[in-house]
Amino acid sequence: MKTDLQIFDSPSQQRKLHVFHDVLEYLFIIIVSLSATIAAFITFLAQFKMHF
9 MKTDLQIFDS PSQQRKLHVF HDVLEYLFII IVSLSATIAA FITFLAQFKM
59 HF
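Counting along the sequence shown from 1, when you hit position 30 you're at 38 in the numbering used here, and nothing is skipped either side.
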């Protein structure tokens, strides 16, 4: 049975894991900001339609 250290002890494995983690983080940030922008846009459109 391998321990976590034995599985992830090679530098290339660690680098791959780090890159994967960074990509996930950026994707999460992009999705959150996009949904916030879309929500704000929809709210703005609703307000805009109410005035005319």
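Hints listed in this document are in silico derivations from the structure and should not be mistaken for laboratory results. Ideal Cβ placement from N, Cα and C applies to all residues, glycine included. Fair warning: there could be bad hints in the mix.
Said to hold, decoys possible - Cut-off 25 Å, straight-line C-alpha distance, at most; resulting in silico cross-link-like pairs (SDA-like, lysine to any residue):
1. K24 to A44
2. K57 to F36
3. K24 to Y34
4. K24 to I37
5. K57 to A47
6. K24 to A47
7. K57 to S43
8. K57 to I46
9. K57 to T45
10. K24 to F36
11. K24 to L35
12. K57 to L35
Stated by the list, open to error - Derived DEER-like restraints, expressed as beta-carbon distance ranges:
13. H59 to E33: 51 to 57 Å
14. L53 to F28: 51 to 57 Å
15. M58 to Q21: 51 to 57 Å
16. F28 to H59: 43 to 49 Å
Hints, verified against the model:
{"no.": "1", "hint": "K24 to A44", "in the structure": "violated (30 Å)"}
{"no.": "2", "hint": "K57 to F36", "in the structure": "violated (32 Å)"}
{"no.": "3", "hint": "K24 to Y34", "in the structure": "holds (15 Å)"}
{"no.": "4", "hint": "K24 to I37", "in the structure": "holds (20 Å)"}
{"no.": "5", "hint": "K57 to A47", "in the structure": "holds (15 Å)"}
{"no.": "6", "hint": "K24 to A47", "in the structure": "violated (34 Å)"}
{"no.": "7", "hint": "K57 to S43", "in the structure": "holds (21 Å)"}
{"no.": "8", "hint": "K57 to I46", "in the structure": "holds (16 Å)"}
{"no.": "9", "hint": "K57 to T45", "in the structure": "holds (18 Å)"}
{"no.": "10", "hint": "K24 to F36", "in the structure": "holds (18 Å)"}
{"no.": "11", "hint": "K24 to L35", "in the structure": "holds (16 Å)"}
{"no.": "12", "hint": "K57 to L35", "in the structure": "violated (33 Å)"}
{"no.": "13", "hint": "H59 to E33: 51 to 57 Å", "in the structure": "violated (40 Å)"}
{"no.": "14", "hint": "L53 to F28: 51 to 57 Å", "in the structure": "violated (37 Å)"}
{"no.": "15", "hint": "M58 to Q21: 51 to 57 Å", "in the structure": "holds (56 Å)"}
{"no.": "16", "hint": "F28 to H59: 43 to 49 Å", "in the structure": "holds (47 Å)"}
The structure shown violates the earlier hints numbered 1, 2, 6, 12, 13 and 14.
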